[in-house]
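Protein chains in written order, with the working numbering: chain E, 36 to 149; chain X, 1260 to 1374.
Hints in this document: simulated from the structure, not taken from any laboratory.
In this text the structure is predicted, and so the values were computed from the model without any measurement.
Among these hints, one or two may not hold up.
[What the hints assert, rightly or not] As a list, the in silico SDA-like pairs of lysine to any residue whose alpha-carbon atoms are at most 20 Å apart: (1) Lys-1329(X) / Asn-1289(X); (2) Lys-1361(X) / Gln-95(E); (3) Lys-1361(X) / Lys-55(E); (4) Lys-1366(X) / Lys-49(E); (5) Lys-1361(X) / Gln-77(E); (6) Lys-76(E) / Gly-1344(X); (7) Lys-1366(X) / Lys-101(E); (8) Lys-1361(X) / Thr-67(E); (9) Lys-1337(X) / Glu-1288(X); (10) Lys-1329(X) / Gly-1344(X); (11) Lys-99(E) / Lys-1314(X); (12) Lys-49(E) / Tyr-133(E); (13) Lys-1361(X) / Glu-1288(X); (14) Lys-1314(X) / Gln-95(E); (15) Lys-1361(X) / Glu-136(E); (16) Lys-1361(X) / Met-80(E); (17) Lys-1314(X) / Asn-1290(X); (18) Lys-1314(X) / Arg-1302(X); (19) Lys-1366(X) / Asn-1289(X); (20) Lys-90(E) / Thr-67(E); (21) Lys-1361(X) / Asn-105(E); (22) Lys-101(E) / Tyr-133(E); (23) Lys-1361(X) / Val-54(E).
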Amino acid sequence: GAVVSQHPSRVICKSGTSVKIECRSLDFQATTMFWYRQFPKQSLMLMATSNEGSKATYEQGVEKDKFLINHASLTLSTLTVTSAHPEDSSFYICSARYGGETQYFGPGTRLLVL
Amino acid sequence: AQTVTQSQPEMSVQEAETVTLSCTYDTSENNYYLFWYKQPPSRQMILVIRQEAYKQQNATENRFSVNFQKAAKSFSLKISDSQLGDTAMYFCAFLGLNRDDKIIFGKGTRLHILP
């Protein structure tokens, strides 16, 4: 149980285009999902907290107009990187809270912006 | 503010040996959760073990166990009979019980299991 999927696993796009990443909780309902960014050999950096049916809460320094988050249902949250640039290239990970406190993570999405 | 410190950036041990990863944290809260997550080369974050602060008994999961010292704010992970598949980055994490609390990760310890 407590499986989180993420799609796509990797994406390459041209600078200036938008990319959407989906995060799904497969066998449970997640009222809260989280989006992280991870640079090579570093820890996870929280970007935003996504609650079903309400606006996401962004961490300080994260541009909400660049990283659009939608949590349309209890099993799906999406992250859209708008007008992507090479500096947005990174590994993006989502997670969903299950059982009140434990977070389960998706397998991550590797984004490369050319 | 809560902080999580992992003082060992990298460690190497021989297969079948026992290894202990250190983690200390700082908080003024009395009740909270502590976690160890594993991130293998696939980069999938996997929950290894979880500890509730109000429980005195140390959590165990097969070859993985913790030494939770609440007064010292220490939460070390012991891996017994280490296997090649244990090679990964290990993150210690803290979560308070307030509604808006977010999980806080340490910087990680890269563990290499040598054949």
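### Query
So which hints don't hold here, by number, going up?
Structure breaks hints 3, 4, 7, 9, 10, 11, 12, 14, 18, 19, 22, 23.
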